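Please construct the entire structure, taking both the sequences and the accompanying hints into account.
First to last, the protein sequences are chains A and B. Under our numbering, think of the first position of the first sequence as 1, with each following residue one higher. Under our numbering, think of the first position of the second sequence as 1, with each following residue one higher.
For the record, the hints were derived by calculation from the structure and aren't laboratory data. Keep in mind it's a predicted model, so treat the numbers as computed, not measured. We treat Cβ as the ideally placed atom computed from N, Cα and C, and that holds for glycine.
If you only want the chain B side, here are some residues facing chain A, beta carbon under 10 Å, derived:
hint	residue
1	ALA176
2	ALA177
3	ALA179
4	ILE180
5	ILE183
6	GLN184
7	SER187
8	ALA195
9	HIS198
10	GLY200
11	LEU204
12	ILE205
13	ASP223
14	VAL228
The chain contents come next:
2 protein chains.
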Amino acid sequence: MDGISGSIEAQQQSGLAARLVIRAARHDGPTAGLAPGHVQGNLAILPRDLAADFLRFCHLNPKPCPVIGLSEPGSPHIPALGADLDIRTDLPRYRVWRDGALVAEPTDIRDLWRDDLVAFVIGCSFSFEQALLDDGIPLRHIARGDNVAMWRTSIPTNAAGPFSGPMVVSMRPLKAADAIRAIQITSRFPAVHGAPVHLGRPDLIGITDITRPDYGDPVAIMDDEVPVFWACGVTPQAVIAAVKPAFAITHAPGCMLVTDRRNSQMAAL
Amino acid sequence: MDGISGSIEAQQQSGLAARLVIRAARHDGPTAGLAPGHVQGNLAILPRDLAADFLRFCHLNPKPCPVIGLSEPGSPHIPALGADLDIRTDLPRYRVWRDGALVAEPTDIRDLWRDDLVAFVIGCSFSFEQALLDDGIPLRHIARGDNVAMWRTSIPTNAAGPFSGPMVVSMRPLKAADAIRAIQITSRFPAVHGAPVHLGRPDLIGITDITRPDYGDPVAIMDDEVPVFWACGVTPQAVIAAVKPAFAITHAPGCMLVTDRRNSQMAAL
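Encoded structure:
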């Protein structure tokens with residue numbers, strides 16, 4: 001499905017149209033740029049016994065782990081995010097984990113589906129980044145085609161069952177006036193990480209080297225910029241990885257679930 | 001009217017009740033603590049010929065100069081802020097200016113009133129500070145009983161007629177998480193200066209010595225705090241002073257107009 005990004009077709013593409021292309025195995029890479037304006041989400045699939053604790057974990061940590069969709073145990077459907085959505089076929093690529101080890105990266109998980117699995121879709125910063133760009137706030141990592149810079153912090157999450165660990169944050173360097181505006185804009189989007197959790201000195205949240213992220217690409221901070229830190233959807237991924245569940249499935253990096261929800265529908269106001 | 005602040009009577013006092021006490025010449029000092037929960041405002045009275053340009057100036061600079069009430073030329077009443085309000089008697093103390101010089105500080109201006117005068121009431125930070133305190137955000141200058149620290153900046157205002165000059169800002173040192181929350185809260189109050197105009201490095205807005213304010217009292221910034229800067233109602237006062245109008249009347253410092261509007265009614269959301 002080369003060339004879909006940026007084409008007039010893509011600009012008008014619905015979430016459903018993107019999923020149908022992915023479901024037909026005609027797109028198996030990153031979803032950035034697909035179905036512009038539509039919400040994309042992180043995926044985590046866990047067996048029912050762990051799922052209850054994980055849902056409680058998400059509830060206790062809404063900023064890093066905003067659940068925007070949840071399946072019935074055993075059901076691969078999440079009608080709230082798309083009427084025909086099938087979580088087993090509608091992502092370009094998955095990661096399958098056994099006892100904490102990555103064992104496969106399939107493009108389809110129908111053969112792995114079980115009637116005790118629960119699918120979680122967790123909000124992603126794509127939605128609020130689009131709102132920032134639409135307001136004219138430049139985002140350096142996007143301008144450079146990089147991944148956002150992310151760090152493990154000294155901010156603890158609230159534990160639930162086996163799930164616990166540090167909050168992971170993403171950082172975007174902004175001029176002060178843009179930082180203030182970005183706080184206003186992202187406050188409208190509690191379902192996709194919401195307002196920042198910190199700004200200014202990185203050491204106050206346990207980041208010792210702001211030039212070397214723990215995940216993603218380094219990003220320069222100019223002399224007139226302040227680093228602004230948002231809770232990040234890598235937090236639940238890192239927390240799940242630490243538990244080393246007997247079985248779990250996640251999206252492959254960048255290969256998100258494209259939904260029928262529009263980014264603007266995520267706004268609280 | 002000693003002891004009204006902090007008493008049960010004061011807690012339940014209406015704006016009208018406060019104005020009646022002031023009108024009866026039973027209170028001639030600062031209004032902080034009177035009619036808790038009610039909006040207080042800065043006063044500027046100008047002859048009609050200057051008033052048109054000043055209103056345009058306020059319109060072009062809504063963050064430092066939010067007009068919350070405006071009289072008809074020659075009328076001392078502003079019903080929107082209080083049904084019986086009389087701007088000539090209802091402030092504890094006034095300042096009378098002739099050709100830019102302070103010539104009197106009366107407690108009543110009935111004998112100075114003219115049929116070409118226009119009264120402007122401009123929103124004041126008391127309203128948003130109360131909202132911050134109500135949310136549990138500590139404000140050091142209030143805890144210390146000080147005036148807020150203020151500086152002239154390199155941020156220009158938008159000129160209108162003879163009115164122009166630098167924006168004056170107030171600064172409150174806050175922990176990062178409180179700064180983010182304070183941006184959310186004050187964004188709800190565009191009529192009382194709204195969101196901050198800057199945070200972080202003072203030199204980026206032309207403040208060379210953060211330990212020595214141009215107005216108000218110095219305030220310490222702790223190691224884990226960021227200075228947060230709001231547009232300040234001293235801006236219009238400074239701009240008027242620079243014009244040296246033939247005749248003008250303002251409130252005396254701290255002796256504000258107490259209105260019938262509640263602080264919460266100033267919230268946009």
